[in-house]
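Here's the letter readout for the chains.
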Amino acid sequence: MALKGNLRDFTVSQLLNLINLAQKTGTLIVDGQNVAIQVAFREGKLAYARVGEEDNSLATILYRAKKLSAAQHKIIRERAGHMSDKELGLLLINANYISQQDILVSLQNHFIAVLNRLFTLVEGLFRFESDLLPPGDKITVRINLENIIIEGTRRMREVEQLQDEIPSLDMALKFTDRPGANLRNLNLSVEEWRVVSYINPKNSMRQIARATKLNDVEIRRIAYSLLQAGLVDIVRPEGVRPVQLPSRQAVQKGTPEEQKSLINRLISRIRSL
Amino acid sequence: MQTVKMVVTGPFNAGKTEFIRSVSEIDVVSTERKISSVAERVKETTTVAMDFGRITVDDDLVLYLFGTPGQKRFDFMWEILSEGMLGFVVMVDSTRPETFREARSILETFRAYAPTPYVVAANKQDKDDAWDSEDMRIALRLDSNVKLLPCVAIDKENVKSVLLELLYSILAEMDLGEA
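Protein chains in written order, with my numbering: chain A, -12 to 260; chain B, 102 to 280.
Derived by calculation from the structure, the hints in this document are not laboratory data.
It cannot be assumed that every hint is accurate.
[Stated by the list, open to error] Example chain A residues on the side facing chain B (calculated, C-beta under 7 Å, incomplete):
1. Asp151
2. Ser155
3. Ile250
4. Arg252
5. Leu253
6. Arg256
7. Ile257
8. Leu260
[Claimed, not checked] Think about it this way: if two alpha-carbon atoms lie no more than 25 Å apart in a straight line, the pair counts; the simulated SDA-like pairs of lysine to any residue are:
9. Lys106/B with Ile250/A
10. Lys161/A with Lys200/A
11. Lys161/A with Ile239/B
12. Lys161/A with Phe201/B
13. Lys11/A with Ser117/A
14. Lys32/A with Glu110/A
[As the list claims (entries may be wrong)] Counterexamples of contact, computed for chain A against chain B with all Cβ distances above 12 Å:
15. Thr12
16. Ile85
17. Glu133
18. Leu175
19. Glu179
Even glycine gets a Cβ: it sits at the ideal position worked out from N, Cα and C.
Please take these sequences and the hints and turn them into a complete structure.
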């Protein structure tokens, strides 16, 4: 039977648990709202992962892992762009640029990071293709899924909690008028400062996330920490009128005077109860 | 005959049914069911669809009070109930700080459904372990202009005050709209 469905009904941790217990070999393909993720497994173990069309060449993964400098990365891309990952890996090891262990650890961390992104998806179509294996020129790994499932489930809980706290990213943030709050004395990360620089009732959190290149979870996490510190409040963005469907408008019939009269009648009645 | 409605919402066991029962002129049409979950068994029954109370104003006008189910798994009902409401009351159990976060989330959700005026009722203020309402304001992250009203839902006068405050807010918003 085809293993396919929607993450809304079958969560990532349930899927990984199934793949792990059934020791499945193949590729899980997930089409989320804004991202497509492919994760390959061999006998129930993580072998390879990639996000959409993002650059996942070995050179870029090693550069992101700070195993290659920007200059080295640039030279490799220019001169060895035609080489497969396996060939490049061998070349780098033989040239004593890097150890085999460094390559494996960097790849493992990259694949786990992709899987962790998968955990942030709460909705998206998925299918498991048993016949689909990683491209032959890619270096694969073998990582047990148990720890990833446990860590991912923790992240899912955090995501759920953040979504409860900040249900909509279409709302804006504004600094509180609380006296004594001084931003200069705060120890904020670079990302937090970048978000702070965009805080304005005119900017929705979604716009801030786009401007600062943060994903939904990251912007929620930062907004939540600023909220918890009492530095900001959530407000409706300035100039954006709430969507008002006609049927939602309770006292819409009649003139303003008639509407006020209706409320005054309600007040009189409740007072007399 | 014109009918208008207000919604009483809040987390599980916040006192929504009691609140409506205190002022409704009819027996509250309740959709309570026995609680199956051990974790939620702090009371015998819970509302699964809605509570429904009525206050007749005059021959031409009736106010309906709708209480929402408090458990999150019934939140699909919230949007339906919020349609066309004049305003809403968020009931919060002052003795259960573990529900404050959920109360805040319910408040945000209802504001997203319909940007109508609302008040927050800090219920069970007669209990020894009730949180002070100003502490609750901070915990619930309520702006100073949001009305947070100490309340005992089984006390009719208290309930009347909460409803009146909500109506005053609706009137004030109408005045603002005209200005």
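The hints, checked one at a time:
no.: 1; hint: Asp151; in the structure: holds (5 Å)
no.: 2; hint: Ser155; in the structure: holds (6 Å)
no.: 3; hint: Ile250; in the structure: holds (5 Å)
no.: 4; hint: Arg252; in the structure: holds (5 Å)
no.: 5; hint: Leu253; in the structure: holds (6 Å)
no.: 6; hint: Arg256; in the structure: holds (4 Å)
no.: 7; hint: Ile257; in the structure: holds (5 Å)
no.: 8; hint: Leu260; in the structure: holds (6 Å)
no.: 9; hint: Lys106/B with Ile250/A; in the structure: holds (12 Å)
no.: 10; hint: Lys161/A with Lys200/A; in the structure: holds (20 Å)
no.: 11; hint: Lys161/A with Ile239/B; in the structure: holds (17 Å)
no.: 12; hint: Lys161/A with Phe201/B; in the structure: holds (22 Å)
no.: 13; hint: Lys11/A with Ser117/A; in the structure: holds (8 Å)
no.: 14; hint: Lys32/A with Glu110/A; in the structure: holds (24 Å)
no.: 15; hint: Thr12; in the structure: holds (37 Å)
no.: 16; hint: Ile85; in the structure: holds (47 Å)
no.: 17; hint: Glu133; in the structure: holds (27 Å)
no.: 18; hint: Leu175; in the structure: holds (20 Å)
no.: 19; hint: Glu179; in the structure: holds (19 Å)
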